[in-house]
Each structure stands twice: as structure tokens, then as C-alpha cells.
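Asks: Keeping their order, the protein sequence lines are chains A and B.
The opening position of the first sequence corresponds to residue 1 in our numbering, with each subsequent residue numbered one higher.
The opening position of the second sequence corresponds to residue 89 in our numbering, with each subsequent residue numbered one higher.
Keep in mind that the hints were calculated from the coordinates and are not lab data.
All C-beta atoms in this analysis are idealised placements derived from N, C-alpha and C, irrespective of residue type, glycine included.
Take these hints with a grain of salt, some might be off.
Here are some chain A residues pointing at chain B (derived, C-beta under 8 Å) [as the list claims (entries may be wrong)]:
1. 29
2. 30
3. 32
4. 40
5. 42
6. 49
7. 54
8. 64
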Amino acid sequence: MLKLTSSLAFLLVISTLFFGMTTSQAHAYLDPGTGSMILQVILGGFAGIALAGRLYWHRFRTFIGMAPAESHVGDETGHESSKSRSDL
Amino acid sequence: MNELSGHPAPEARVSGREAGLRTQREPGSFRDRNGSVFYRDGAIFRSLSPEALANWQRLRETPFLAGRMAGGSIVETRDGDVAVAPDAAGVLEHARIPFVSYPYEWTFGMLQDAALLHLDLMRDALASDMILKDATPYNIQWQGVHPVFIDIPSFEPLGRGQPWVGYRQFCELFLYPLMLQAYRGIDFRPWLRGRIDGIPAEDMQRLMSTRDLLRPGVLLHVAAQSALQRRYEGGTKDVRGSLAEAGFDKALIVNNVTKLRALVAKLTPGREKTQWSDYDRSHSYDAADFEQKAAFVRRAAATRDWRLAWDLGCNTGTFSRIVAEHAEQVVSMDADWMAIEHLYQREKAGAGSRKLLPLVVNLADASPNQGWRGAERKGLAERGRPELTLCLALVHHVVITANIPLADFIGWLASLGTAVVIEFVGRDDEMVQALLANREDQYDDYHPENFRALLAERFDIRAEEPLKGGRRQIYFAEPRQAAG
Chain A
1 MLKLTSSLAF
11 LLVISTLFFG
21 MTTSQAHAYL
31 DPGTGSMILQ
41 VILGGFAGIA
51 LAGRLYWHRF
61 RTFIGMAPAE
71 SHVGDETGHE
81 SSKSRSDL
Chain B
89 MNELSGHPAP
99 EARVSGREAG
109 LRTQREPGSF
119 RDRNGSVFYR
129 DGAIFRSLSP
139 EALANWQRLR
149 ETPFLAGRMA
159 GGSIVETRDG
169 DVAVAPDAAG
179 VLEHARIPFV
189 SYPYEWTFGM
199 LQDAALLHLD
209 LMRDALASDM
219 ILKDATPYNI
229 QWQGVHPVFI
239 DIPSFEPLGR
249 GQPWVGYRQF
259 CELFLYPLML
269 QAYRGIDFRP
279 WLRGRIDGIP
289 AEDMQRLMST
299 RDLLRPGVLL
309 HVAAQSALQR
319 RYEGGTKDVR
329 GSLAEAGFDK
339 ALIVNNVTKL
349 RALVAKLTPG
359 REKTQWSDYD
369 RSHSYDAADF
379 EQKAAFVRRA
389 AATRDWRLAW
399 DLGCNTGTFS
409 RIVAEHAEQV
419 VSMDADWMAI
429 EHLYQREKAG
439 AGSRKLLPLV
449 VNLADASPNQ
459 GWRGAERKGL
469 AERGRPELTL
479 CLALVHHVVI
489 TANIPLADFI
499 GWLASLGTAV
509 VIEFVGRDDE
519 MVQALLANRE
529 DQYDDYHPEN
539 FRALLAERFD
549 IRAEEPLKGG
559 RRQIYFAEPR
569 QAAG
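Just chain A, same shape as in the assembly (with noise of 0.2 Å):
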């Protein structure tokens, strides 16, 4: 039971995360849907613990000023144009 509610919290929290992103298109012939690639960050285990923990600690950084609104992400791979994005 422990092991549910500490899931069922962790969801709650994730769900928050991805709230005015910026669009760019992903690159697959299939759709890997939107909700399931951010529960991924969930099922990582702790190492999806410690990306949430990012992606907050960014955030409260560009509430607080010390960060930038704006970034921008390229990949190295070419599979994903680079887009920017702010507060995630």
C-alpha cells in the first residue's frame, strides 16, 4: 500500500511538470504519445526521481530569476530539431 500511494504521489507531481512547452515534432513512424513518454520518467525509477528533481530545480530557477526563460536543446543524433522551450 505504501508502495501505491508513494507511486500514486509521484504521478501527482510529475503530471505538473509539462505545463507551456514549445512545439517541434518528434521523429518516428510511430506515435510514441504525448502521456505515455512522461509517465516513462515515473517507470525510470531513480533515476526518473532524480529528472523530476531537475526539471523542478530549473523551473524554480527561472521563477526566481536565475535562470533563463529560454534554452535550447539540439540532438546530437539530428532526431530532434532544435526548438525552444521555457518553464518547464
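Dock chain B against the given chain A, drawing on the hints supplied.
Replies: Using the frame of chain A, we list chain B on its own:
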């Protein structure tokens, strides 16, 4: 999604330098544009895009590929002659799969083993910084009871920050069908046959009870996934890019895959007893009669070597094993999923025959042509016609239980061009009496004389014998050249 059938349906031609040689495209191989299957002169090829060729060259360098091919869990593949597809960047040649089957014909154990193979290949790929781009059981076929992964271009390099794109598909086509049977006792096969992309998370959630939320995997893989999909449906947010930026890496995928493997391995199909699952103990023959029937089948099977044999209504496969001594491949079919599950598990635990493929098939409602243009998934007979077909203790079920006219059934067998070992079960047999006990007897065609006349009309009867003191009659008959 691809199929490596040795018996392609006629389809569009692709270009080739050598005039006069027919090349046939596999109509079920089109979803991934990077590599599609075609047939030429009885061999199976795959044309590759430049990207797929680069991926193949990288795959060849991985430490797992050679071992997996040698062990039979990845289809044996080599560089093909580029002349057979001059427009492609590269060509692969694959070994033949003896008989193509689909997950809606597999038992629970087969779908489970296919899922475990997929997850094991994911782990192998991830260890080499590659991944499987999709996650569909249609990429897995069978050599007997051994699952074989056939879609080489599915292996691609893992991009930085890339999530597991195939995760949702894995759930819809592997995990949810298994959960449906394990947790709700519902046969998954009609769900897979009914929708080529499997069971969506939202539908799966509606199929689960509140209590099921406590069962392993349901809360996250079903309920949470369904909720998150609803929430982000139709959105234009670049979640993939955000994940990459936040440092999503393969450790998360490895964790997910490892936990999914443990979850899938623990699922069981439930232990209800079905009508025929203990056939070996409950059939209506005494030992001497049974041995007489087995000897007749053995003599018929030994008359020549058969490329492909079908055993229709095979129960737990006793006669399939006899025929397998003289056949390259036996497809053992029965509508009773638990009888087929027993056959599969017993074969797997034993010598692990590569000759015997067990499938759940109801002859009166066998798998149709379906998917795009009705050609993506093929009906049973289009995947390879048998040279020998066993119909033992079957005809009374076809005529009385399924209400199929006897002449129709014999005509269908003749249209396959197959030899048959067929048993007529008389009206005084207790099995027929049980079938007639509570239904109107409208079966004027169901008499031994009529059966023999219909059989003789379409086949040459080579041998026949009474069984069970004359209550049954067994025949070995070969097709007339003019038949079909």
C-alpha cells in the same frame, strides 16, 4: 511490421535489372518506410533505405547479434545481392519462416514468451546504445515453439535523451492482452484480431475493476498511462525535447524494461479447465483402439515426406507428433486455447521441436484477410497450403456443433489440394450422441455412406479402417488432380 512468408500473395512488382524474374512485395510490410520485405525466386529479401543500411552496419558490430542469430532468436540474415533491388541503398536476405502466424492465434504462453524476447532484445540493444524503434508482436514469428524476431530494421541507434518510443505500443499489443487474460480471465485473442493496433490504454482502464488497480502494473501502466494520455491528447507540447533537455537517458528505459520483464514473467493465464485440455486422459478410446488409430495415422504419414502438414482439431498434439516424424513442418490447430497451451508448454519443456507450431484456431471462424486493403494480415490458407491434413475426431464438431454442411467441409479440404487422414464419427458414437442430446437433428447429410461418397467424389481413397468396433471409420485419401 513485417512478415517472412515463403508463400507470398501476388502483389506489385518492384524494379529489378534482370528481366523476366518476378519480384513480389510483401503487402503487410509497409509501415516503416526504411525497410520493406519482398520475395524473389523463392528467397526473402528486404530493401533498405540509406538510414536503415547505416543502422544494419552498426547492428552487425554489436556483441549480441551473432549469438542471437546462432541461437535462433533473431532471424538469420545476411547481406543480399543489391541487384535484386537497384533502387535501395542496401538489401538483406532473410532465412524463411516455415509458417507465418499472428498473435491472435497464439496462446497466452506464446504471447508472454514473445513479450519476454522483445524485452530481452531491448536490453541487448540498450547495452549497445541501440533500441528497438517499435514493439509489436507481429515482428515475432515462430520456428516450432521457438520465438524468432524478424524485423532487423527495427534496431536503430538510441538518440541522446530519446525515450522508448515503442513503450505505448508494447503496452497495447503485449502487456494489456496478457493482463486481460491474467487479471480478468478474458480471452485476449478476439481483442487483438479485432484491432490491429491492440488495446488502447483508455479501453484497458475501463476493462479493469477498482480492485484490479492493486494488481501489479495496473496503476502505472494502465491507469496512469490512460490519464496522462487523456490529459495531453492533441497537445502540441514538445515533451520529447523537454525530456531530453532535462537529462532523460537510457538508465530510465533500462529500469522500465527490467521491471516490465519481471511483471510479464509473473503473469499466469488462470487455471480454468477447458473442454479438451485433458484430452490425453479423457478421450473416448480404450488403449487398443487408440493404438490402432495411431498406427493408421503413422502408416499414412510414412507414405512420403510432407513439406507442410496441418492437424485440425489437434487437441494436445498426440497425432501431430506422429506426423512430424515425416513432415518438415506441422501446424497444430485447435479452438481450445488451453489444449494448445498444454501442447506449447509440453513441447517447450521437452525437446523443443522446431517442426511443430501450435495455434489457437477455430475452423468455423478462422483468421481472415484483414488490415490495410485486406492484405496486411492473411487468412490461414493463404499463408501456406498443407500437403497433408489430419481431421481426427473433428467432422462431427464441424457438421453438428458448427452447422457446416458436410459437402462444404469436404469441398473446402479438396480446394486446399491436400491429402487427408480423416475420421468419420458415427451417430452411435457417444460423442455424437452427446452433441445431439439437446439440439434438433437437422443433419440429414451426416451418415457414413454419404460421407464416403462425398470423400470419394473429391479424393482418391487409399486406405480405410473401422475403429471403435465400427462406430468410427478412418480414411487416408489423396487429392484428385482435377480437384480444387
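Asks: All the hints need checking, so say for each whether the structure fits it.
Replies: Each hint tested on the structure:
| no. | hint | in the structure |
| --- | --- | --- |
| 1 | 29 | holds (5 Å) |
| 2 | 30 | holds (5 Å) |
| 3 | 32 | holds (4 Å) |
| 4 | 40 | holds (5 Å) |
| 5 | 42 | holds (6 Å) |
| 6 | 49 | violated (10 Å) |
| 7 | 54 | holds (5 Å) |
| 8 | 64 | violated (18 Å) |
Checked against the numbered hints listed earlier, the structure breaks hints 6 and 8; every other hint is satisfied.
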